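Just so you know, the sequences run in chain order S and H.
Take the first sequence: its letters are residues 43 to 448, numbered as in our numbering.
Take the second sequence: its letters are residues 43 to 448, numbered as in our numbering.
Mixed in with the good hints there might be a few duds.
Below, in silico cross-link-like pairs of lysine-lysine (DSBU-like), each with a Cα-Cα straight-line distance of 35 Å or less [what the hints assert, rightly or not]:
id: 1; chain 1: S; residue 1: K145; chain 2: S; residue 2: K69
id: 2; chain 1: S; residue 1: K70; chain 2: H; residue 2: K381
id: 3; chain 1: S; residue 1: K407; chain 2: S; residue 2: K253
id: 4; chain 1: S; residue 1: K137; chain 2: S; residue 2: K70
id: 5; chain 1: H; residue 1: K106; chain 2: H; residue 2: K57
id: 6; chain 1: S; residue 1: K106; chain 2: S; residue 2: K73
id: 7; chain 1: H; residue 1: K70; chain 2: H; residue 2: K57
id: 8; chain 1: H; residue 1: K145; chain 2: S; residue 2: K340
id: 9; chain 1: H; residue 1: K57; chain 2: S; residue 2: K381
id: 10; chain 1: S; residue 1: K169; chain 2: H; residue 2: K407
id: 11; chain 1: S; residue 1: K70; chain 2: H; residue 2: K407
id: 12; chain 1: H; residue 1: K381; chain 2: S; residue 2: K69
id: 13; chain 1: S; residue 1: K137; chain 2: H; residue 2: K407
id: 14; chain 1: S; residue 1: K149; chain 2: S; residue 2: K73
id: 15; chain 1: H; residue 1: K73; chain 2: H; residue 2: K145
id: 16; chain 1: H; residue 1: K381; chain 2: S; residue 2: K340
id: 17; chain 1: H; residue 1: K149; chain 2: S; residue 2: K381
id: 18; chain 1: S; residue 1: K381; chain 2: H; residue 2: K297
id: 19; chain 1: H; residue 1: K70; chain 2: S; residue 2: K407
id: 20; chain 1: S; residue 1: K145; chain 2: S; residue 2: K73
id: 21; chain 1: H; residue 1: K69; chain 2: S; residue 2: K381
id: 22; chain 1: S; residue 1: K381; chain 2: H; residue 2: K70
id: 23; chain 1: S; residue 1: K149; chain 2: H; residue 2: K381
id: 24; chain 1: S; residue 1: K340; chain 2: S; residue 2: K106
id: 25; chain 1: S; residue 1: K149; chain 2: S; residue 2: K69
id: 26; chain 1: S; residue 1: K106; chain 2: H; residue 2: K340
id: 27; chain 1: H; residue 1: K73; chain 2: S; residue 2: K407
id: 28; chain 1: S; residue 1: K407; chain 2: H; residue 2: K137
id: 29; chain 1: S; residue 1: K381; chain 2: H; residue 2: K407
id: 30; chain 1: H; residue 1: K340; chain 2: S; residue 2: K253
id: 31; chain 1: H; residue 1: K381; chain 2: S; residue 2: K253
id: 32; chain 1: H; residue 1: K340; chain 2: S; residue 2: K340
id: 33; chain 1: S; residue 1: K137; chain 2: H; residue 2: K381
id: 34; chain 1: S; residue 1: K145; chain 2: S; residue 2: K253
id: 35; chain 1: H; residue 1: K57; chain 2: S; residue 2: K407
id: 36; chain 1: S; residue 1: K381; chain 2: H; residue 2: K169
id: 37; chain 1: H; residue 1: K253; chain 2: S; residue 2: K73
id: 38; chain 1: S; residue 1: K69; chain 2: H; residue 2: K407
Hints listed in this document are in silico derivations from the structure and should not be mistaken for laboratory results.
All figures in this text were calculated on a predicted structure; none of them were measured in a lab.
Number of protein chains: 2
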Amino acid sequence: MAVGLHDFPLIPEIKGVRIGVAEAGIKKPNKKDVVIFEFCEGASVTGVFTQNAFCAAPVRICQKHLGQAGSRYLLINTGNANAGTGRSGLETAMKTCDELAAKTGVKVESILPFSTGVIGEPLPVDKIIAAIPNALANLSGDNWQAAGVGIMTTDTLPKGSVRTFEFEGRSYTVAGISKGAGMIRPNMATMLGYVCSDIAMEVGVLQAILKDVVNRSFNRITVDSDTSTNDSCIAVATGVAGNSVVTSVDEPLAKAFIAAFTEVMQELAHAIVRDGEGATKFVTVEVVGAAEVADATKTAFEIAHSPLVKTALFASDPNWGRILAVVGRAGVVGLDVDKVQLHINGFEIARNGGRSPDYLEEHGKQAMAPQEIHIVLDLGMGDASDIVWTTDFSHEYVTINAEYRT
Amino acid sequence: MAVGLHDFPLIPEIKGVRIGVAEAGIKKPNKKDVVIFEFCEGASVTGVFTQNAFCAAPVRICQKHLGQAGSRYLLINTGNANAGTGRSGLETAMKTCDELAAKTGVKVESILPFSTGVIGEPLPVDKIIAAIPNALANLSGDNWQAAGVGIMTTDTLPKGSVRTFEFEGRSYTVAGISKGAGMIRPNMATMLGYVCSDIAMEVGVLQAILKDVVNRSFNRITVDSDTSTNDSCIAVATGVAGNSVVTSVDEPLAKAFIAAFTEVMQELAHAIVRDGEGATKFVTVEVVGAAEVADATKTAFEIAHSPLVKTALFASDPNWGRILAVVGRAGVVGLDVDKVQLHINGFEIARNGGRSPDYLEEHGKQAMAPQEIHIVLDLGMGDASDIVWTTDFSHEYVTINAEYRT
Chain S
43 MAVGLHDFPL
53 IPEIKGVRIG
63 VAEAGIKKPN
73 KKDVVIFEFC
83 EGASVTGVFT
93 QNAFCAAPVR
103 ICQKHLGQAG
113 SRYLLINTGN
123 ANAGTGRSGL
133 ETAMKTCDEL
143 AAKTGVKVES
153 ILPFSTGVIG
163 EPLPVDKIIA
173 AIPNALANLS
183 GDNWQAAGVG
193 IMTTDTLPKG
203 SVRTFEFEGR
213 SYTVAGISKG
223 AGMIRPNMAT
233 MLGYVCSDIA
243 MEVGVLQAIL
253 KDVVNRSFNR
263 ITVDSDTSTN
273 DSCIAVATGV
283 AGNSVVTSVD
293 EPLAKAFIAA
303 FTEVMQELAH
313 AIVRDGEGAT
323 KFVTVEVVGA
333 AEVADATKTA
343 FEIAHSPLVK
353 TALFASDPNW
363 GRILAVVGRA
373 GVVGLDVDKV
383 QLHINGFEIA
393 RNGGRSPDYL
403 EEHGKQAMAP
413 QEIHIVLDLG
423 MGDASDIVWT
433 TDFSHEYVTI
443 NAEYRT
Chain H
43 MAVGLHDFPL
53 IPEIKGVRIG
63 VAEAGIKKPN
73 KKDVVIFEFC
83 EGASVTGVFT
93 QNAFCAAPVR
103 ICQKHLGQAG
113 SRYLLINTGN
123 ANAGTGRSGL
133 ETAMKTCDEL
143 AAKTGVKVES
153 ILPFSTGVIG
163 EPLPVDKIIA
173 AIPNALANLS
183 GDNWQAAGVG
193 IMTTDTLPKG
203 SVRTFEFEGR
213 SYTVAGISKG
223 AGMIRPNMAT
233 MLGYVCSDIA
243 MEVGVLQAIL
253 KDVVNRSFNR
263 ITVDSDTSTN
273 DSCIAVATGV
283 AGNSVVTSVD
293 EPLAKAFIAA
303 FTEVMQELAH
313 AIVRDGEGAT
323 KFVTVEVVGA
333 AEVADATKTA
343 FEIAHSPLVK
353 TALFASDPNW
363 GRILAVVGRA
373 GVVGLDVDKV
383 QLHINGFEIA
393 RNGGRSPDYL
403 EEHGKQAMAP
413 QEIHIVLDLG
423 MGDASDIVWT
433 TDFSHEYVTI
443 NAEYRT
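The following block holds chain S by itself, in its conformation from the complex (with noise of 0.2 Å):
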């Protein structure tokens, strides 16, 4: 049911990357449902992770781990999220880093862990514990699809993007995966992203990016306006492009660097947009006129979250008042209604705060056709906006969601 979703790509061995994937069993039979990143010593690993302040335990010993040690290896599982388990939940995560540590001969410090499932029910450590062996035997640079299906739960397809740029004669790769479909409105990160490059770098300059670029892209999306326990995204530079380290943002290779992995972190957020749990459309919410970036943010939010304008947009309905009855909930300070302005697709919908005198209902049913659905808001107030992406609410989405754990 994915909008616009395109076959994972071709993504080439990044050097000093390698992947394995393993069947651990967790909930779902014949899953490779356990997945090993291993790293190169020496390269920069960074990450944000939810602000949710349920997070769940293995978020918390990323946190703890990162800047400990260098990260050597992450120990990803799906079906089970190990959220909601308290301190149990803390050892049971500590239990599985420990084993990977002790059959590597890294320190604990070097492994970060992360999980994705079901939330509240305790980790099945030893089911883990079994795959390890078999992931690590799989490692290999090849193996980025297997990957985005490993870490796959409601979603449909795996998500993947490969950007490759050139910089004075030498070559550069960035590639990454995400999944994630329901329980989307990260802050700060995303379900699970993990965007590699060859490049060298500073540990810190890449966090900067990181940072800049997450508020870019996984953090302007939503499905269901439900921020996980969850969220994690990680960078790494394994460094083995041969470059002279990046030690600043403002460096010329920097600022092309930034260019190719802004596009690979906004494809692979839109591509969980794409797969949103029920999706039919793909919209875009532009809030621009704002008097401040804040109020865009927020307007497009509201828009994006509003359970009657997404079951509009499902129908194809042009029952844009749906829309202007949000922006004037949305809390903007100072706002005039008689100076908003509405575009969907390019068809004026609105103008002065009121229905379009050019207006037919033909081109509201024309602008709510398609699958890809552009809505421009002007507040009239000023130059700042922001973009959200989003997705309708279907039937299908209840459906996923009133079943989801049986």
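Model the placement of chain H on the given structure of chain S, informed by the hints.
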């Protein structure tokens, strides 16, 4: 599909109030879609209205007319909200007021107009004007149920409530009707609510009581988080009971009135939730142990709005981890997740931020099975609390809102 909604009660005549209904043919055939309330001269009339900046034209006129002259007539239509209609919306609403003023010989400022229905379409002013004589001819003290039916839109049942109380040998009645099933997250008032009493009470006292009680009734319900453009709640004290006029909220008679008035207002507010679009559950979300009331209110509304919680309620699925995930993202400053406790319908589900040691899946299933669900979430921070009432999220909700206009 309404949840535990009782039959419309027998509402006795309230002296000083007459009601008339008529068919204007605004949206559906064979529907008495125009309702007129008439109050005796000297009645105290007050109201609270939506805080949506895109408030409808009739809301703006009500706010202007109230206080300019004694309110004598309410003119209500369904099928068209006259919202998002800009300047012409104000003109058409005033035309209908002018007509009713001319027909009844009162000042136009004594007319309060109300509209509910589709947003963004021009008010069919000629149809409403044509129906006014018939509605006036129909005026009677016995038309409460007809009015309850007349103001329905996607409601499946009319909503009414009545209480009588004795005070110092005199008998008083408080009665009201309400409507609304979708776009329900009132902010200062509800979709449409009208409550009348025969008590004699200064309008300022009635206003103070209305503002207080609306915050414990209509302003604590939510179906879909979308605040309407047309929310209006009107309270009327005709004074025909013959008591000496109540001039303070501290008088014993005022306290007796507040008790009855609160019961009527809460029953009407709950009726909207019970008849919420697609509702299969009536859900009470009680947050206790908060450091401040604002934290309790915010957390309760976030739980009540979460699509993932609502779909789990629809499925009677004890997927309680979703509730903890919402608490974690609700923005409660200083939250210690290890102190959070969760009970559902009396079953202890979570303790110390994780699954209760005594929890069994069977308990969760029993807790979630009934139509009436009482969630008690203890933040473990202090003594403040609040309660919000809401519904689940079903296929029927999507069907209703994907097809509302067609």
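Evaluated hints:
no.: 1; hint: K145(S) - K69(S); result: holds (25 Å)
no.: 2; hint: K70(S) - K381(H); result: holds (33 Å)
no.: 3; hint: K407(S) - K253(S); result: violated (39 Å)
no.: 4; hint: K137(S) - K70(S); result: holds (22 Å)
no.: 5; hint: K106(H) - K57(H); result: holds (27 Å)
no.: 6; hint: K106(S) - K73(S); result: holds (30 Å)
no.: 7; hint: K70(H) - K57(H); result: holds (32 Å)
no.: 8; hint: K145(H) - K340(S); result: violated (47 Å)
no.: 9; hint: K57(H) - K381(S); result: violated (46 Å)
no.: 10; hint: K169(S) - K407(H); result: holds (27 Å)
no.: 11; hint: K70(S) - K407(H); result: holds (22 Å)
no.: 12; hint: K381(H) - K69(S); result: holds (30 Å)
no.: 13; hint: K137(S) - K407(H); result: holds (31 Å)
no.: 14; hint: K149(S) - K73(S); result: holds (29 Å)
no.: 15; hint: K73(H) - K145(H); result: holds (23 Å)
no.: 16; hint: K381(H) - K340(S); result: holds (31 Å)
no.: 17; hint: K149(H) - K381(S); result: holds (33 Å)
no.: 18; hint: K381(S) - K297(H); result: violated (46 Å)
no.: 19; hint: K70(H) - K407(S); result: holds (22 Å)
no.: 20; hint: K145(S) - K73(S); result: holds (23 Å)
no.: 21; hint: K69(H) - K381(S); result: holds (29 Å)
no.: 22; hint: K381(S) - K70(H); result: holds (33 Å)
no.: 23; hint: K149(S) - K381(H); result: holds (33 Å)
no.: 24; hint: K340(S) - K106(S); result: holds (32 Å)
no.: 25; hint: K149(S) - K69(S); result: holds (29 Å)
no.: 26; hint: K106(S) - K340(H); result: holds (30 Å)
no.: 27; hint: K73(H) - K407(S); result: holds (28 Å)
no.: 28; hint: K407(S) - K137(H); result: holds (31 Å)
no.: 29; hint: K381(S) - K407(H); result: violated (51 Å)
no.: 30; hint: K340(H) - K253(S); result: holds (28 Å)
no.: 31; hint: K381(H) - K253(S); result: holds (31 Å)
no.: 32; hint: K340(H) - K340(S); result: holds (17 Å)
no.: 33; hint: K137(S) - K381(H); result: holds (25 Å)
no.: 34; hint: K145(S) - K253(S); result: holds (33 Å)
no.: 35; hint: K57(H) - K407(S); result: violated (50 Å)
no.: 36; hint: K381(S) - K169(H); result: holds (30 Å)
no.: 37; hint: K253(H) - K73(S); result: violated (57 Å)
no.: 38; hint: K69(S) - K407(H); result: holds (20 Å)
Hint check: violations occur at hints 3, 8, 9, 18, 29, 35 and 37; the rest are consistent with the structure.
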